[in-house]
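Build out the structure end to end from the sequences listed, making use of the hints.
Chains as they are written, first to last, in the numbering used here: chain A, 3 to 339; chain B, 3 to 339.
A hint or two may mislead.
Which copy? The list can't say, so a pair holds if one copy fits it or any two copies do.
[Stated by the list, open to error] Here are the computed lysine to any residue pairs in the SDA-like style, where the Cα-Cα straight-line distance is at most 25 Å:
(1) Lys-268 to Asp-208
(2) Lys-166 to Arg-177
(3) Lys-42 to Met-185
(4) Lys-125 to His-105
(5) Lys-231 to Phe-278
(6) Lys-231 to Leu-302
(7) Lys-83 to Ser-65
(8) Lys-268 to Gly-209
(9) Lys-34 to Val-304
(10) Lys-166 to Gly-68
(11) Lys-151 to Val-274
(12) Lys-151 to Phe-51
I should point out that these hints are in silico values taken from the structure, not numbers from a laboratory.
Computed from a predicted model, the values in this text were never measured in an experiment.
There are 2 protein chains.
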Amino acid sequence: MALEPAVGIAGATGLVGNEMLVVLEQLDVRCKILRLFASKDSVGELYSFFGDEVEVEELNDDSFEGLDFVLFATSAELSEKYVPLAVEAGAVAIDNSSHFRMHENVPLVVPEVNIEAVTAEDKIIANPNCSTIQLVPLLKVIDELAGLKRVVVSTYQSVSGAGKAALDELWAQTRAVFTQQEMPHDVFHNQIAFNCIPQIDILQDDGYTREEHKIINESRKILSLPDLKITATAVRVPVFHSHAESVNVETREPLTPQVLIESLEKRDCFDVYPDFHEYPMQLGVTGSDSIHVGRIRRDLSVANGLDMWIVADNIRKGAALNAVQILKALIEREVFG
Amino acid sequence: MALEPAVGIAGATGLVGNEMLVVLEQLDVRCKILRLFASKDSVGELYSFFGDEVEVEELNDDSFEGLDFVLFATSAELSEKYVPLAVEAGAVAIDNSSHFRMHENVPLVVPEVNIEAVTAEDKIIANPNCSTIQLVPLLKVIDELAGLKRVVVSTYQSVSGAGKAALDELWAQTRAVFTQQEMPHDVFHNQIAFNCIPQIDILQDDGYTREEHKIINESRKILSLPDLKITATAVRVPVFHSHAESVNVETREPLTPQVLIESLEKRDCFDVYPDFHEYPMQLGVTGSDSIHVGRIRRDLSVANGLDMWIVADNIRKGAALNAVQILKALIEREVFG
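Written out as structure tokens, the structure reads:
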């Protein structure tokens, strides 16, 4: 029988943190200790884990003593402060924030793509951005089949990527359109109800947003293709859950939709739509663990190219599931105890 | 003083037909006769035109006698039948349907791009698809400045492109989410409320939708670039009005955002957002006559490329305004009477 680790979740009451708890149970990750950390406001809240009640504790400097792994579903600022404390206390930290992702000595991991990047020496492992996680497994398969030449991505991202308050705000703004009441603007500067906002995260001096930089730079790092030609436009759409992406890929060698479809179907992480009359949509994939790949067709504008439409649950595969998959892989290696 | 033409609008009570009437007045297109045609159901409805009341008549085979121009805002099926009858009766037909657009002898016109394609011999002039109309003026400017090499477009199209009933359906479906009532599905096969649907118009055997073919083929025809390398993914988003497009362009020669911005600013049809902190959105541009171009930035994945975000009112610039602009140009040429 495998050893059972002592695990903590920091930011356990947010959308991603709470989903991490759910996924731990669903993936049958038994823990000898499971502790939940959040801000003062949530202290005392009770969560169920394999039938036990677990009480939320306040996250503080001394939280991590005796833990083997800590899953961080915290902001970049909180991760910057607390991840090193977890490591000092002897834990391995799996961090969902953006803070450590591009650090040279921190592996950035999508298990289906590069779990081998994690060595026994690594004490911090970064979980990529949600829109990157659903993209790179597809790019990896295409690269192996035909060599990636260039990638152009446009995203259709749900509000859940901006947290619980964003779900409430889409709901409240939509209701305000019907009732002609004043519209809340606590999360989104612009109206998101019945509107698309072509800005996610802050704008950078080169005209890209930080979200677009994440897609570009994290994809390069995860795929170990530092010169990958890739550009992205990231757009928030008035949808509650799951992200969709319109993905255009040029390849070095010819690649037919049929060959790609057969290759994707062999891998667990994809749900493929081989009949082009069917395609994934955000409503249908929410709660699913797969990356849904549809509308796979030849790009008629280049010798070797494909257009695709990919959809995944950004809180599950795009965040919580990916982190728990990393944790599970490390437990199986028994890199603790 | 210019001659005043006799003008008819077929399909006058739909979203586009009604907007044609509004735009005729706003652009001060005086008509010695103005007649409105629709199906039996709308007969007798009254519309105002320069202070006069105009009563809707039933569209029939004999509707067009004595008219100089007929604007068609009808389905492809109705246009196929009635446009030739209008021409037989001596009128010039400006048709918003898809039926004649790719006919070899029918000019397909966006006035800012190719009004010179219309000769005195042309009796049928086709108005392009809404998502094409807002794209080609931008492509034309870029082609003149630096030569188009390849274009990748992903669209974010509002429901108004599917007509009045689609507006009602987004409204009713959204309300049904709140009230947990049964959801109407008269227009959209899939739920559009809080969802994106990656299919507009019917799917073709090559995996593209007809909407995507329209963007590709109509752009080539309007720009007189039959070999233009262009691919498109067309997506319906839960927004009432206006279409947005994420546009990636590779050029043959270098082209900086600054040079493009200055060039666009010189032309009337664009509203440019030179400060990258500001950008157009669907909510803000509805009712506007301009093509709004924002988020103009270098595509870092190629030697010569740009990423952009363009938004326009699909019923105005994408349909009614474009048709009336064509009409106005022909009146100024006095190609009637």
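Checked hints:
1. Lys-268 to Asp-208: Between copies, since 24 Å is at most 25 Å while 40 Å is not.
2. Lys-166 to Arg-177: both (17 Å within a copy, 22 Å between copies)
3. Lys-42 to Met-185: neither (29 Å within a copy, 42 Å between copies)
4. Lys-125 to His-105: within (13 Å within a copy, 65 Å between copies)
5. Lys-231 to Phe-278: between (28 Å within a copy, 23 Å between copies)
6. Lys-231 to Leu-302: both (20 Å within a copy, 8 Å between copies)
7. Lys-83 to Ser-65: Answer is within; shortest intra-copy Cα gap is 13 Å, inter-copy 76 Å.
8. Lys-268 to Gly-209: Answer is between; shortest inter-copy Cα gap is 22 Å, intra-copy 39 Å.
9. Lys-34 to Val-304: So Lys-34 and Val-304 fail the 25 Å test inside a copy (55 Å) and across (52 Å) alike.
10. Lys-166 to Gly-68: So Lys-166 and Gly-68 fail the 25 Å test inside a copy (31 Å) and across (63 Å) alike.
11. Lys-151 to Val-274: Close inside one copy (23 Å), not across copies (32 Å); limit 25 Å.
12. Lys-151 to Phe-51: neither (46 Å within a copy, 56 Å between copies)
The earlier numbered hints that this structure contradicts are 3, 9, 10, 12.
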